[in-house]
Structure formats: C-alpha cells, structure tokens
Amino acid sequence: MPIEAVVNDKINRAGEHQLTPENWVTQYADYLYNYARVRLNDDEQARDLVQETFLAALEKQNSFRGECNERTWLTAIIKYKIIDIYRKKSGSFKARDEYGTPIAEEDFFYPEYNNWKKEHWPAPFGVEEHDPLHNKEFMNVLQSCLQRLPPLWISVFRMKHLDDEGTEMICKELRITSSNFWVIIHRAKVNLRSCLQKNWI
Amino acid sequence: MKKELTESEKIAYNCRKATLLIEKKQSIRLTSREKMELKLHLAGCYICRVYEQQSILINSMMTKLFKADPKEIKLDSTFKENLQKTIERKLNDKR
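Same order as they appear, the protein sequences are chains A and B. Numbers 1 to 201, taken from my numbering, label the letters of the first sequence in order. Numbers 1001 to 1095, taken from my numbering, label the letters of the second sequence in order.
I should point out that these hints are in silico values taken from the structure, not numbers from a laboratory. In this text, all values refer to a predicted model and were calculated from it rather than measured experimentally. Take these hints with a grain of salt, some might be off.
Stated by the list, open to error - Here are a few chain B residues that face chain A, going by a calculated C-beta distance under 7 Å: (1) ILE1011; (2) THR1063; (3) THR1078; (4) LYS1080; (5) LEU1083.
Ideal placement from N, C-alpha and C gives every residue a C-beta, glycine not left out.
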C-alpha cells in the first residue's frame, strides 16, 4: 500500500465509530423495543425482534464500517426485520388481488362510470372546523379503523406517515410497483375514510 | 344501451380517478394533464371536494397519531439479563 493510502486509512479510522456489543442491552434494548412496538403494534413480537436484532448484529459485526454510530446501525437492522414482517404478513393474507384488497371489500364506485355509489358518498365529518387533534374520541375512531385495515395497507400507511418514507423507498422495500402503490393508497384511504364516517357520524 | 361518453363527461363522472389523483397530489407533482382533469372534475363534483378535504385531514391526523409520543415501555429486566448473558456467551465463544 502506498504511504499516502496508509495515512489516509489511519485518518479515516480515527473518526470511525466502534461497536461495543457488551453495552448493547443497557444502551439500546429499550429504544429498539419501543421502535419496534409502534411499528408492529405487538409487544411480544417487538421483544423477540430486539433479541433477533442483537444476535444478527453480532453475526455481522464485520460488515459494520463505522460510518454511522452503533444505534443507527442497529436501528437499520431492526428496521429491515420489521419490513420483512410487513412483507410476510401481506404475503400470507388472503387478498382478492395484487393490491392486497380483502375478499369482502366492496367497490365504492360504480363499475360503469366510476362515480361514487350513493351509499358511499362522503358526508362532512363536522370536525374540520376545529382542531380534531384535541378531539380524542375522533382519534380513537381513527385508531380502531386503522387496525381493521388489511396488512399491506396498514404497512404502507405506517411507512408513509411514521417513517416519512418516500414513494420509491416504500415500493422497493415492500416490492410493489409504483402504479400499484397509488391504487393501494387510494383503496386504503377510501376505505379508511368510509370507516371514519360510519363510526363517527 | 350504454351511452357513449364524451371526453369531458368521462372526466366529470370519474370520481374513482379524481380521488386517486387527490391521493397522488398529496405526495407527488401531478402532470399538467392530470392537474387539468382534477380541476375540471372538482369544479363540478361537490362529493369529491368533501373527499379531498377529509383526505388531507386524515393524512395529517395519521401522522400525528403515529408520531404521538408513545408511552415508553421498558423491557422487563429478566429478559434483558438473559439477553445480556447470551450476548456475553457469544462474545466469549468468538474469542
């Protein structure tokens, strides 16, 4: 190795982050646990995932390049495990089509002209005027409507609104095409809105 | 017999497409054609205007709901102790 490269290598290494697996549990276990909990809505699964993450991280310590800190690195690992769960859940769900639509889901639009079916016309919620965020009841309805969504739809919403992931990233990670992505967002949203209307008004 | 629709009638009727464009618009830029179609549709469709308002509202509520500070829950200490032991054992095996 030419002398310059050796020097550069040393300089680079000086600023590198190091891994200290013996401190992981104390430093990151609770953080990773909560990170997974909000994304999975399942405490037990989140707990298992923390363990899996640490064990996987131990195995691939060599792939740690020191470019980011330990926490970021561990978070990236758990994040991919979460997305893997999203994919598995969507894959095992009995959907009607490639958009992850539940079998019993009815069409909100007439097939002929694509206009709203009358019984599904959106009606005003009556919460637009004031700040609905303070309206705890409305948020509770939203929460329960979200929980009723099929796995692919809720995964897309979580990635979009919880992680602010861009369209391209979501498509890549969940392995969906971008045109399917919009159909999914659309169906999920029409369904969610309708659920809100049914349970709120 | 099915009536043949003109281009502008198709846009006026097509709430399915209009609502899809409403969703798209909140994340990416629409093409100028899409913008025009949506504008034409919304001008004549009160129902989709209600939909649009609510769709924007739901998006912002979802973000708030997901990001609302969740109760920080700590892992139970027995689980952590066991995990710590497992990690230490694995580290020793490697050495």
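Status of the hints after comparison with the structure:
| no. | hint | verdict |
| --- | --- | --- |
| 1 | ILE1011 | 10 Å, violated |
| 2 | THR1063 | 5 Å, holds |
| 3 | THR1078 | 11 Å, violated |
| 4 | LYS1080 | 5 Å, holds |
| 5 | LEU1083 | 5 Å, holds |
When held up to the earlier numbered hints, the structure conflicts with 1, 3 and fits the remainder.
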